[in-house]
Amino acid sequence: MPIYGLWVINKAGGLVYQRNFADGLAQLTSNEYLVLAGTLHGIHAITSRLSPIGSSSGAQVIEGETFKMTILLTATATKFVLLTSLSETTADAVLQKVYEIYSDAVMKNPFHTPEMPIRSEGFDTRITALIGNGS
Amino acid sequence: MAYSQPHSRVSVLSNSSTASSVEHFSPAASTTRFSLPTTPGLPSRVRPNIYDRNLTKTRIPEVSGAAFTFLFSEMVQYTQKRVSGINDLERRLNTLGYRIGTRVLELMVWRAESQSKAPKREIRFLPALMSIHTQVWRAVFGKPADAIEKSVENADEYMIIDNDPLIERYISVPKDMSQLSCSSFTAGIVEAVLDGLGFPARVTAHNTPTAQAPSRTTILIKLEKSVLEREEVLK
Numbered sequence: 357m358p359i360y361g362l363w364v365i366n367k368a369g370g371l372v373y374q375r376n377f378a379d380g381l382a383q384l385t386s387n388e389y390l391v392l393a394g395t396l397h398g399i400h401a402i403t404s405r406l407s408p409i410g411s412s413s414g415a416q417v418i419e420g421e422t423f424k425m426t427i428l429l430t431a432t433a434t435k436f437v438l439l440t441s442l443s444e445t446t447a448d449a450v451l452q453k454v455y456e457i458y459s460d461a462v463m464k465n466p467f468h469t470p471e472m473p474i475r476s477e478g479f480d481t482r483i484t485a486l487i488g489n490g491s
Numbered sequence: 088m089a090y091s092q093p094h095s096r097v098s099v100l101s102n103s104s105t106a107s108s109v110e111h112f113s114p115a116a117s118t119t120r121f122s123l124p125t126t127p128g129l130p131s132r133v134r135p136n137i138y139d140r141n142l143t144k145t146r147i148p149e150v151s152g153a154a155f156t157f158l159f160s161e162m163v164q165y166t167q168k169r170v171s172g173i174n175d176l177e178r179r180l181n182t183l184g185y186r187i188g189t190r191v192l193e194l195m196v197w198r199a200e201s202q203s204k205a206p207k208r209e210i211r212f213l214p215a216l217m218s219i220h221t222q223v224w225r226a227v228f229g230k231p232a233d234a235i236e237k238s239v240e241n242a243d244e245y246m247i248i249d250n251d252p253l254i255e256r257y258i259s260v261p262k263d264m265s266q267l268s269c270s271s272f273t274a275g276i277v278e279a280v281l282d283g284l285g286f287p288a289r290v291t292a293h294n295t296p297t298a299q300a301p302s303r304t305t306i307l308i309k310l311e312k313s314v315l316e317r318e319e320v321l322k
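Line by line, the protein sequences give chains A and B.
Under the working numbering, the first residue of the first sequence carries the number 357, and numbering increases by one thereafter.
Under the working numbering, the first residue of the second sequence carries the number 88, and numbering increases by one thereafter.
Only chain B is shown next, with the shape it has when bound in the complex (with noise of 0.2 Å):
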């Protein structure tokens, strides 16, 4: 049926708003919508589709950890044939960590705040970090990052580390790019929820490993001017 219509794409979206959702999980839906041969003996309860599942569960269903690094992998390959150099495939990696971030940040908040009768948002800086070196991660990488820190010498930046990023595990980077960190992409994902929150940041990974964790990176944030007078004014 979704053929007989100009914009199978749209059709198909409007069915699955309108139909109830037995319908639309019955085997014979989904034959229309991927072309697929009935299968005889095809379970009754086919598995909700993700867009259909709860947002609000707290508990989440894991994902492969292999398959993901798999998807890594390729995905910084396919960035590495399109640039010409280290930076501008990590400022690649970070857009599409940017991505991500925004999408996490919605999730997090909604799993976090709809439940709650006085819903609330950070407008302090350290806060928003903390949640971020906690919940953030916890949602991504299902553990909490090592630690934060502050710099010295500039008052505008601050610092995340893992000690074994998890994207990194199996990532040996050749010695004549020794200063690319494939974990932009998770400096993209914290840049967006930083942007998402009101902080705008410059966000950028770095290798800092020590003789205990070899793949240990920074995440550094270099926030921007508004901010930290917008910091002053609250305080």
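Same shape as in the complex, but just chain A (with noise of 0.2 Å):
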């Protein structure tokens, strides 16, 4: 049940975080996966207006036939999304983890400029003990 990746994407639709863990999904250049991640911007904010009652929290889970996207909107409109295989159970409480995560080591960090890509050594840290290593 492996965990394949994890992106963060700011409120613009920017790719502001992304990361490998696993293998099982074919490699990517950097701008493939920020047209991949404009993209998702897109498709989530349509998402968010498909209810015929009012608004909606937009697409949640998107699934393939050989992996699974679960997206998490926060508050302020950052997204994090986790790619995983099909099976895999607890997708929706990793999110939450690494939400909590990029409160703590992100935007605490006098370092780091809000929308910008994310290069904080502590939150790489504590996303490896979170998930594993990365490829």
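In short, the hints are calculated from the structure, not lab data.
Misleading hints may appear alongside valid ones.
What the hints assert, rightly or not - In silico DSS-like cross-links for lysine-lysine, where the CA-CA straight-line distance does not exceed 30 Å:
| hint | chain 1 | residue 1 | chain 2 | residue 2 |
| --- | --- | --- | --- | --- |
| 1 | B | K144 | B | K204 |
| 2 | B | K237 | B | K168 |
| 3 | B | K230 | B | K309 |
| 4 | B | K309 | A | K367 |
| 5 | B | K207 | B | K230 |
| 6 | B | K309 | B | K322 |
| 7 | B | K322 | B | K312 |
| 8 | B | K312 | A | K453 |
| 9 | B | K262 | B | K168 |
| 10 | B | K262 | A | K367 |
| 11 | B | K262 | A | K453 |
| 12 | A | K424 | A | K367 |
To be verified - Pulled from the structure, derived: some chain A residues nowhere near chain B, Cβ distances all over 10 Å:
| hint | residue |
| --- | --- |
| 13 | W363 |
| 14 | I409 |
| 15 | T434 |
| 16 | S441 |
| 17 | T446 |
| 18 | T484 |
As the list claims (entries may be wrong) - Per the computed footprint, the stretches of chain B lying under chain A, defined by three or more beta-carbons under 8 Å from a beta-carbon of chain A, are:
| hint | stretch |
| --- | --- |
| 19 | 163-177 |
| 20 | 256-263 |
For every residue, glycine included, the Cβ atom is placed at its ideal position computed from N, Cα and C.
Both chains come to you apart, so use the hints to assemble them.
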């Protein structure tokens, strides 16, 4: 039940953090990741307006044949996306933990600029401790 | 009523010293001070303002760690925008800490000695250093520091070591600023306390990571010559 990858998308749709943890998905270039993140941002905006009865939280899980994508939207419109295998059941709990680590190691770090790519050693270390070592 | 006088701040201060505390902290009084609308159903006993609480309380209410880290993060960002280099940044953080240290010392001495019949003051350096290691650290960070060391090479250098400094817990310094230690703030506190006790010194902070404690920090104290000479005389 591997976790393939983690993305963090800022409120403008830019990919600010991307990391792979296990093989199983096609390897993409960083540009392709940026495009995919932007596309997901657009899809998410559409899905949040699809509900016939007022507002909606937008897509939470997108499933494919070989993987599933769990999306956590925070109150500040940052999106955490976890790519896992279909049988993975802990994705929601892991995303909550990632959010917690993000608030601690990124938002409380004076050397991080909001909405910019995350280059914080503390964040990397704690994500490694949570999910495991990436390739 | 505060607005009818030319200096509203002065008038508020003089009010607080003369008015009885009950009257002063009633919701009505706070309305005139902050011009807030009176909220119906406000409890009649409002928590006293921090300036009016008892100073000698031994049980000190705790401060939210998250709130403090956000505040400190903003302080570092604010400072960083106004400096040209790492040395300048550390010096400014040191200055900010210094302002806290003078107050910490005063409060600590008051809490420790005001009740005693024969209040005393540290005049030797080592006991003073010990009290910084335990009492100042406990008052500021809620735990004593991890170690005190004396430099082998230089007789005027002492070190206080903290394995996991509270203020740096969530800070990751970028690689191009790797010499920077945000504990310069703590160094400023220590410098102020030493100055206040009559041991002028230059205090700096340095990262000394180990495998077990990646954020281990050394606060280096370089005493002034006069202090060492006085220590010799007192021996």
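Hints, verified against the model:
1. B:K144 / B:K204: holds (18 Å)
2. B:K237 / B:K168: violated (36 Å)
3. B:K230 / B:K309: Measuring from Cα to Cα gives roughly 24 Å; hence the hint holds.
4. B:K309 / A:K367: Violated: K309 (chain B) and K367 (chain A) sit about 48 Å apart, past 30 Å.
5. B:K207 / B:K230: holds (24 Å)
6. B:K309 / B:K322: Status holds; Cα separation ~20 Å.
7. B:K322 / B:K312: holds (16 Å)
8. B:K312 / A:K453: Not satisfied, since the Cα-Cα distance of roughly 52 Å exceeds 30 Å.
9. B:K262 / B:K168: Holds, at about 18 Å.
10. B:K262 / A:K367: Holds. K262 (chain B) to K367 (chain A) sits at ~27 Å (cutoff 30 Å).
11. B:K262 / A:K453: Distance of about 26 Å is within 30 Å: holds.
12. A:K424 / A:K367: holds (22 Å)
13. W363: Non-interface label on W363 (chain A) holds, nearest chain B Cβ at 20 Å vs cutoff 10 Å.
14. I409: Fine: 36 Å to the nearest Cβ keeps I409 (chain A) off the interface.
15. T434: At roughly 17 Å from the nearest Cβ of chain B, T434 (chain A) sits farther out than 10 Å, so the non-interface label holds.
16. S441: It holds; S441 (chain A) is separated from chain B by about 31 Å at its closest Cβ, greater than 10 Å.
17. T446: Fine: 25 Å to the nearest Cβ keeps T446 (chain A) off the interface.
18. T484: holds (13 Å)
19. 163-177: holds (count 3)
20. 256-263: With 5 residues in contact (Cβ-Cβ under 8 Å with chain A), the coverage given for the stretch 256-263 of chain B holds.
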